[in-house]
Amino acid sequence: MTTIDHHWQRFTLKQKLSRYAVYLVLIMAMVQSIQSVEVIPEFFYDAPEQMADMFNRMWPIDFAYYQVAVHDAMIETLNIATLGTLVTLIFAVPLALMSSHNISSSRWGHWIAKFFLVSSRSVNSLVWALLFVSIFGPGVIAGVLAIALRSVGFVGKLLGEAIDEVHMGSIEALKATGASWMSILLKGYWPQVLPAFFSIILFRWDINVRESAVLGLVGAGGIGVVLSDSMNLFEWQQVSIALLAIFAVVIVAEIVVVQIRKRLI
Amino acid sequence: MPSHNAAQTNPSLLAIKGLKKEYTAGNPILKGIDININEPGIIAIIGPSGTGKSTLLRCINRLIDPTAGQIIFNDADLCQAKGSQLRKLRRQVGMVFQEYNLVERLTVIENVLTGRLGYMSAWNAWRRNFSQENINTAFNLLESVGLTEHAKKRADSLSGGQRQRVGIARAVMQDPKILLADEPTSSLDPKTAVEIMELLERFSAEKNIPALVNIHDVKLASRFAKRMIGMSNGVVVYDGPPEGITDEHLKTIYGGESWLV
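For the protein sequence lines, the chains are A and B, in the order given. The first sequence runs contiguously to residue 265 in this note's numbering. The second sequence runs contiguously to residue 526 in this note's numbering.
Keep in mind that the hints were calculated from the coordinates and are not lab data. Don't take each hint at face value.
[Unchecked claim] Straight-line C-alpha distance at most 30 Å; calculated DSS-like pairs for lysine-lysine:
no.	chain 1	residue 1	chain 2	residue 2
1	B	K347	B	K282
2	B	K491	A	K262
3	B	K417	B	K347
4	B	K282	B	K516
5	B	K296	B	K491
6	A	K262	B	K418
Only chain A is shown next, with the shape it has when bound in the complex (with noise of 0.2 Å):
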């Protein structure tokens, strides 16, 4: 047995000092956001009154709007989300397989996939139905494609994702029946896909259906323009039905999403 006292430290004290830095910098950020939102106090204190204004407003809900506007608007919402869902496969597909470094090991690819998928995200679907609504005017097409360009981004990044955790040692042994390069995406990377491109799939359409709720606000047609009239006009027992019709459909499409991938995957 030796004697001697090992000496073991989880940081060094440089380590050390930059934690405690990063502490700082946060504390120092939390303190001045808080001083920068200058909450004005009047507004904050009446809160709860207003809120229980609001609610009495928005009661007894408007039970007969619903057959007036709020069924074909609904339709209309749950159409704008799986259409462009349905859209954003169109470029979402051939970006993720560009953007893979499984499939093509072209720098150029890669960047340029990057490009689109980056820029599809970093625009809100609400900002890309503005500039829809400017393009088409209002209604259903600008919808459709606020929510098919952003969904691009996100269904083509995760895509090319899963495509990048294929086992590769599948598709050298593919590779050496002579298959084509085809036939090695059909019969190699597909199958091994498939689980994560259906999930990706309903995943963005369950996330489409709350966006498409939104994009009305602007004009781009759906449930939100029912919102938004209702809410103009102050009718808010309108608005509280309109409410209800997203939160259920939200809901309704939860479940099937769940039920659907549990039988998928």
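Go by the hints and put chain B onto chain A.
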């Protein structure tokens, strides 16, 4: 397939001349390999890991591009082949892998049928439009490797030994003129390893084709091989019948001697 006829008119089915491979410049892993292969039966390549056995096999079907040298297969230089010509050469070379390399989410029978991908269009592959003849061959192959009742199971539900049988069936499905096997038994228990070697020996005899097998287990190799190729540090240090291998050879190939008991 008149594979042996074709071989008789040529000096060799497979002639490897001065094959070199460097992954990083100036650091060759294969330092000039010369091998001629013409005879059916198991030809074992022995040697320690990291000596270039896998690289050698992968150069033969161009999964790896050699740095220099020639690989003449069936009168064509594999090193120069490109595009569809390369794919046509590849489909005549069946390969078996250490980790089986099946497409796990496809069924066993479909994995065997992927051996035909080199002979069909992507469109037909996508529609699973295999000819009746190929489907029959695939089922017969599964029967001969003893997996008939597993045909419609997913490949990832099989054991290691069973997967390797599927891997062999897939390679034979190509109707190859030569079989390559890269450490086909290394991930398997000793009993299964022997069964896999028996299977390779049987197909090699039935099809009258050579089976080039990378293997580091000398005993297993000499039990099945008609010819042994010993590799060490990227060069061939022995090429001859298994009986000809002495302890001296093994010392050169693997280094040290304490393991030679």
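Now the hints, each set against the structure:
no., hint, result
1, K347(B) to K282(B), "holds, 19 Å"
2, K491(B) to K262(A), "violated, 53 Å"
3, K417(B) to K347(B), "violated, 36 Å"
4, K282(B) to K516(B), "holds, 26 Å"
5, K296(B) to K491(B), "holds, 25 Å"
6, K262(A) to K418(B), "holds, 20 Å"
Going through the hint list in order, the structure does not satisfy hints 2, 3.
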